[in-house]
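**Q** Sequence:
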Amino acid sequence: MILCLETATSLCSVALCDDSSVIALKESDEGRSHASLLTVFIYELLREAGIRTTDLEAVAVSKGPGSYTGLRIGVSVAKGIAYAASIPLIGVDTTYSMFRGYISKAETVQETDLFCPLLDARRMEVYYSVFDVKGNTVKGIRAEVIGKDSFSDIPDRSRIFFFGDGSGKCRDLIKRNNIFFDKDFRISASFMQRPAYEYLKESRIENTAYFEPFYLKDFLATKPVKNIL
135 MILCLETATS LCSVALCDDS SVIALKESDE GRSHASLLTV FIYELLREAG
185 IRTTDLEAVA VSKGPGSYTG LRIGVSVAKG IAYAASIPLI GVDTTYSMFR
235 GYISKAETVQ ETDLFCPLLD ARRMEVYYSV FDVKGNTVKG IRAEVIGKDS
285 FSDIPDRSRI FFFGDGSGKC RDLIKRNNIF FDKDFRISAS FMQRPAYEYL
335 KESRIENTAY FEPFYLKDFL ATKPVKNIL
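Residue numbers (the working numbering): 135 to 363.
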């Protein structure tokens, strides 16, 4: 079994998976709860399954891009488990995990369809990738300010499906035919089940000591408005 941790957005999500399904899932969308809930969810899932961390095949974590603080917490916890239990650490691209979750629930798809997971960044910026129906990368992970000409390089004959917490800010900006927005999509650690086992079988294992989240952009700290000194 693999323990999967998803903290790239405001959702705190933990899943326990085997190579065929998601065994158990705990998650909360109470914002900024990662530090207080992540280890609690992990403890409860392992206790209910009657296993220890040393019984796991690996621990997988959503490595970004996404929330700087969320990614830092998730990766730190994953590294601690991997090191203490002497098990492999797997880092899964957040957008690829989102794609796998979306495609697994899609009712009908066409060979020319494209899928664009979007993560909210600063102001009108988003993090995104574009995948074809087989999961091949059409556009690699990038940060971009969305405007009316975004995605104009992709032929109109291809349907593009947008989903994720960054899709809302794009709905009224992107001007092209054959676009669809899924406002109900929500990220989840359960979406990491297939990618995690793919990576494990391919021995795409991270170096526990040196692994860092994929922030994509440098952290920008804000300055306080008032000077209290």
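Some clues are possibly wrong.
With a Cα cut of at most 16 Å, we get these calculated EDC-like pairs of lysine to aspartate or glutamate [claimed, not checked]: (1) Lys335 - Glu182; (2) Lys303 - Glu259; (3) Lys268 - Glu332; (4) Lys282 - Glu259; (5) Lys317 - Asp299; (6) Lys351 - Asp254; (7) Lys317 - Glu332; (8) Lys303 - Asp254; (9) Lys303 - Glu278; (10) Lys239 - Asp318; (11) Lys317 - Asp254; (12) Lys160 - Glu191; (13) Lys309 - Glu332; (14) Lys303 - Asp290; (15) Lys303 - Glu332.
Note that these hints are calculated values from the structure, not bench results.
**Q** Now, for every hint given, state plainly whether the structure supports it.
**A** Results of checking the hints against the structure:
With a C-alpha separation of about 27 Å, the suggested pair Lys335 and Glu182 falls outside the 16 Å cut-off, and the hint is violated. A threshold of 16 Å between alpha carbons decides the hint, and for Lys303 with Glu259 the separation of about 9 Å falls inside it, so the pair holds. Taking the CA atoms of Lys268 and Glu332, the gap is about 14 Å. The hint holds against a cut of 16 Å. With a C-alpha separation of about 13 Å, the suggested pairing of Lys282 with Glu259 holds against the 16 Å cut-off.
The straight-line distance between the Cα atoms of Lys317 and Asp299 is roughly 8 Å, inside the 16 Å bound, and the hint therefore holds. Proximity of Lys351 to Asp254 is assessed by CA-CA distance (about 13 Å); at most 16 Å being required, the pair is judged to hold. The straight-line distance between the Cα atoms of Lys317 and Glu332 is roughly 28 Å, outside the 16 Å bound, and the hint therefore fails. For the suggested pair Lys303 and Asp254, the alpha carbons sit about 8 Å apart, so the restraint of at most 16 Å is met.
Distance restraint check for Lys303 and Glu278: the Cα-Cα separation of roughly 12 Å lies within the 16 Å cut-off, and the hinted pair is therefore satisfied. A threshold of 16 Å between alpha carbons decides the hint, and for Lys239 with Asp318 the separation of about 12 Å falls inside it, so the pair holds. Simply put, Lys317 and Asp254 have alpha-carbon atoms about 13 Å apart, close enough for the 16 Å limit, and the pair holds. With a C-alpha separation of about 19 Å, the suggested pairing of Lys160 with Glu191 is violated against the 16 Å cut-off.
Distance check on the hinted pair: Lys309 and Glu332 sit about 36 Å apart at the alpha-carbon level, beyond 16 Å; violated. About 21 Å separates the Cα atoms of Lys303 and Asp290, which puts this hinted pair outside 16 Å; it is violated. Between Lys303 and Glu332, the direct Cα distance comes to roughly 32 Å. Violation of the 16 Å bound is thereby established for this hinted pair.
Checked against the numbered hints above, the structure breaks hints 1, 7, 12, 13, 14, 15 and satisfies the rest.
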